[in-house]
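From first to last, the protein sequence lines stand for chains R and S. One rule links them: number in my numbering = place in the first sequence (from 1) + 244. One rule links them: number in my numbering = place in the second sequence (from 1) + 244.
In case anyone wonders, no lab produced these hints; they're calculated from the structure. Please note that a few of the clues may not be correct.
Just so you know, same-sequence chains aren't split out, so a pair can sit in one copy or run between any two.
Said to hold, decoys possible - Below are the DSSO-like pairs computed for lysine-lysine, each with C-alpha atoms no more than 27 Å apart in a straight line:
#1 K743 to K458
#2 K305 to K250
#3 K714 to K637
#4 K875 to K424
#5 K845 to K875
Number of protein chains: 2
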Amino acid sequence: MNEVDKKLESIHEKILDILPENLSISSVNYEGPELVVYTSDPKKFAESGDIVRTLASSLQKRITIRPDLDSLLPPKQTEEIIHKIIPKEANVTSLDFHEDTGEVLIEATRPGMVIGRHGSTMREITQQIGWTPDVVRAPPIDSTVVSNVRNFLKQQRKERRSILERVGRHIHRPKKSSDKWVRLTTLGCCQEVGRASFLLSTPETRILIDCGDKPGSEDEFPYLHVSEALGAGANSIDAVVLTHAHLDHSAFIPLLFRYGYDGPIYATEPTRDLMGLLTLDYLDVAAQEGRTPPYTSEMIREAIKHTITIPYGSVTDIAPDIKVTLHNAGHILGSSIAHFHIGDGLYNICFSGDIHYRGTRLFNGAVTDFPRVETLILESTYGGRNDYQTDQKQAEQNLIEIVKTTTENGGKVIIPAFAVGRSQEIMLVLEEAMRTGELSELPVYLDGMIWEATAIHAAYPEYLRDDLRKRIFYDDENPFLAPQFHHIERGDEQRQEIKDEGPCVIISTSGMITGGPIMSWLEHLGNDPDNTLIFVGYQAHGTLGRRIQSGWEEIPVSGSGGRTRTLKLKFNVETVDGFSGHADRQGLLDFVKSMHPRPEKVLCVHGDERSTRDLSSALYRQFNIRTFAPKNLETFRFV
Amino acid sequence: MNEVDKKLESIHEKILDILPENLSISSVNYEGPELVVYTSDPKKFAESGDIVRTLASSLQKRITIRPDLDSLLPPKQTEEIIHKIIPKEANVTSLDFHEDTGEVLIEATRPGMVIGRHGSTMREITQQIGWTPDVVRAPPIDSTVVSNVRNFLKQQRKERRSILERVGRHIHRPKKSSDKWVRLTTLGCCQEVGRASFLLSTPETRILIDCGDKPGSEDEFPYLHVSEALGAGANSIDAVVLTHAHLDHSAFIPLLFRYGYDGPIYATEPTRDLMGLLTLDYLDVAAQEGRTPPYTSEMIREAIKHTITIPYGSVTDIAPDIKVTLHNAGHILGSSIAHFHIGDGLYNICFSGDIHYRGTRLFNGAVTDFPRVETLILESTYGGRNDYQTDQKQAEQNLIEIVKTTTENGGKVIIPAFAVGRSQEIMLVLEEAMRTGELSELPVYLDGMIWEATAIHAAYPEYLRDDLRKRIFYDDENPFLAPQFHHIERGDEQRQEIKDEGPCVIISTSGMITGGPIMSWLEHLGNDPDNTLIFVGYQAHGTLGRRIQSGWEEIPVSGSGGRTRTLKLKFNVETVDGFSGHADRQGLLDFVKSMHPRPEKVLCVHGDERSTRDLSSALYRQFNIRTFAPKNLETFRFV
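Pulled out of the complex, with its shape left as it was, chain R reads as follows (with noise of 0.2 Å):
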């Protein structure tokens, strides 16, 4: 019998120690970070109220109650049974029942009614069928992402568990080492901004944390071939954790599949979404420009498949000495703030990933309050010493003043934005707008992957400011849904007919111009000066965007058969600055000095050369921490 078998046979006799003697198991098993235990009572277990979580305290772990199959009753029986106890308010949209492991889906427009009051709905609905029940919402906005992941999931349920169950044996294996040490190794995304990467590693784990692309450059990729990273192969990782999933983080997260890894992703679950939704469109901008991506749509499935969704503030084991806890950052759907606990008590580690410290109309702002940390790994992207940004409510009355004279005028607004963060951002400040008078009703026309972003944003409204939230789960006034958005369905042809008809705004994909939808609206409506084209975030060097915001009024654009010809542009071209999804140098600033306990050492990465160097120079003036600015394959010792 091997250690892991010896070590579950042990917690199974613990379990029974601690259980009432009316209550039986039959076996106990991992599936990833949780304990899963088999009973033939299910239904006594529902009835025993806090047994779970006096296991689950006891044993330190997290628990999943499953019943013995041949405990259950059939699916159609079942079915009307769950019917009878959910209240029809909270309108159930679909059952799936897993025969494999008893477990019961439940999709709901309202899935808190589902739960019911402390779980009390829940527990009810085991008592009496004896399944074990799990809820997820039902998006109120169709998006395809979210349902093309979970019908995937649905499909591969069979290979997940077994991934769950090797997962599961690797994290609880023995420890094999009596030595002691921390250390980080910077893989990417120091002194510069991209290619995030970093590794964590101890005598027993290797973790990586984040795995993305440089945006503008095309050949610089994270130091994945150097020998600490993957030079004794890919599965010499143990985990993958990633913050967020903007590509600058994710984007070469599947190519380590390709590399053999297959060990799981821990994330969040629209952040698991998003990063699907991303890396797909990275390999479609790939196609369109004539790039052969590294990898393939195969291996963003393999990703998804390996995921572990983890909620924020979840403690979570993910190695026999490291936890991982995820905490809101503040900075996009489902964002996080990574950070782990090593050892027992060893040391703890945070990585911001990207934050924003004040909040957004979106999402709260960076939680700041941990149970310790030592070191802080965190963003610089504004950390330079003049990387002061606009206010936002500033930047909001700026953009409703230059939406409301255009429109007045009977001109169409245009606005750049990228798909995830800022456009929702946008919609938020126009519906609120609209709604309050302060501007009158117009349609807002979403184009490119700008409706299916706002889906996933819908369907997961616990990510989203606790404001916010409340409207939508208990309001049932979700501000997506407002009349006035109208998604792009019909390409070119509809476009033609909004050109046609009168005042309106535009929010379309590519942020910077650098192609997509966008590049119809300037062609349909950059020659007439009554419109107006407004920029709401950076634009790179090199970009079409940078170029028009400088002033170009004749700009290169690809024609039929390739060609290239000119577009003169004759809107008026307009910046409205403070929308970032970054927190700014005084953000950064304020983020570290509400950090409670403030960390001892602070590694300032993910900004130039100056950036970084400023805002470590910065946080040691005024905190008296020790900071760096590591350069790329570095390793730092902490223990």
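Start from chain R and add chain S according to the hints.
For chain S alone, kept in the frame of chain R given last:
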């Protein structure tokens, strides 16, 4: 045709362009760092004076000319001619014809006379016989190790040549990356003494520098098992450079071959032989202590077979982007400072190895002139703020005084000493004192490996201090051969006889009284209050030496049948400080002060935490250099 063959072809053509019309070559090939040029006109080459130097400087390579085999006279005939050309006084002891390479190895007592003024005698030999002469010194004292190594390499000539060809092609492989970085990973001896090991890496090349054990610890190895070391297999290392033969730098070099390494080791010739001596002894000691060593003597032979020796000062290609030069370090025979020139003027790093700044009787002081040095990796054994040692002149006076007093009173002197370095230093002190009459003539008995180690010193006088070398070379006055030195060859019987004779000095291993023949001497002589034991080296905590030094008068020794009994010590115990092989605090500061150029960064290693920190801050304060006291397992990036 692969890239290396193409390069060889173009070199072939280039040589033809350079050569005068009457000279021809048949082929060129790499053997290790050298370019071997084959010709059917070896005699004409020899006549053409400087042509080899011209080729070497235009090709920037070390060049060896070899005759085509069919152009050679038969050995018998050749032998006569050689003996005619070389003066009798050279005392040729053997001729060895290598028919595979057309080389003839000439061993002589006075190799300088075989070479002749500016190589004139050698050239004359080639002109007359066609064979390429190679000269080695006949060891003036029979050294088992030197003759074993030479015989072994002779037996293995064929395999050795194929290794050299493989290594040569690997050194001259095409560069594969356009990326530029230079990194150093600390695998041992940081904030500690022992297990010296570093990894120097660039996008092209990974070099391991030293690989030693940690004295006093059985389970602390260099961190070879981490990913960036041998994670991708032992052959992910391109070359090993060994600074000197002490076990804390060399003990695990043979282990690399057990792990599958089959690349080159670069070291001086005496370092190779001493490594053989010391690692074999390491296996013996392990066997005596009932431990299973991690490798066998077979692996030591592999290490010797893969060693490419380079003399001090010779700039040697060891990778497409790295040249190494070894310089005298003044520490032990053949010890070197390893200077690495990386890229084409990109970066320069010096590894001090262990150094002695001032000269000793045996060796010149460490070299301090380098073409360029940006970073110095500096030993810090005596880097602590109070680590100042007695001046050696004074130490010698103290030693002589004690020997004099003891022996004049009819007593015997016992000096426990390390076989390599310290023993020879003491021998030279005693020899001079007796020669000048400061001390009357006394027999000096050498026990343990000391005689063998001394024989190795005598075999390589080029590596000794200028005036010592001059005495041996030109004045034919080898102090190691002075008549008062006697080798203990008959074990305890001989020791008993010596006990019963008059006053004498005994120098015996082990230096810290942890085993070896010194144990017998304690039994024979420890009980006599007329005798004196003199410590001349550091006694580590936990050793018997340390206990005796601190005043123990009864010590446990293992008796017959494995039982432990008590030995009473009545002899005098003295300590003479000042014979260290290491620079003291002042020496380390002076070394950096006199370095030309002064490095920009210094990493203080090979010293305990306090010593490395003290030295690091002293160097920073005095010279305003960036200094570090790294931990093990860190990676520094310099470019």
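Against the structure, the hints:
{"no.": "1", "hint": "K743 to K458", "verdict": "neither (36 Å within a copy, 79 Å between copies)"}
{"no.": "2", "hint": "K305 to K250", "verdict": "within (17 Å within a copy, 63 Å between copies)"}
{"no.": "3", "hint": "K714 to K637", "verdict": "within (21 Å within a copy, 86 Å between copies)"}
{"no.": "4", "hint": "K875 to K424", "verdict": "both (25 Å within a copy, 13 Å between copies)"}
{"no.": "5", "hint": "K845 to K875", "verdict": "both (16 Å within a copy, 16 Å between copies)"}
This entry does not satisfy hint 1, going by the numbered hints stated previously; all others are met.
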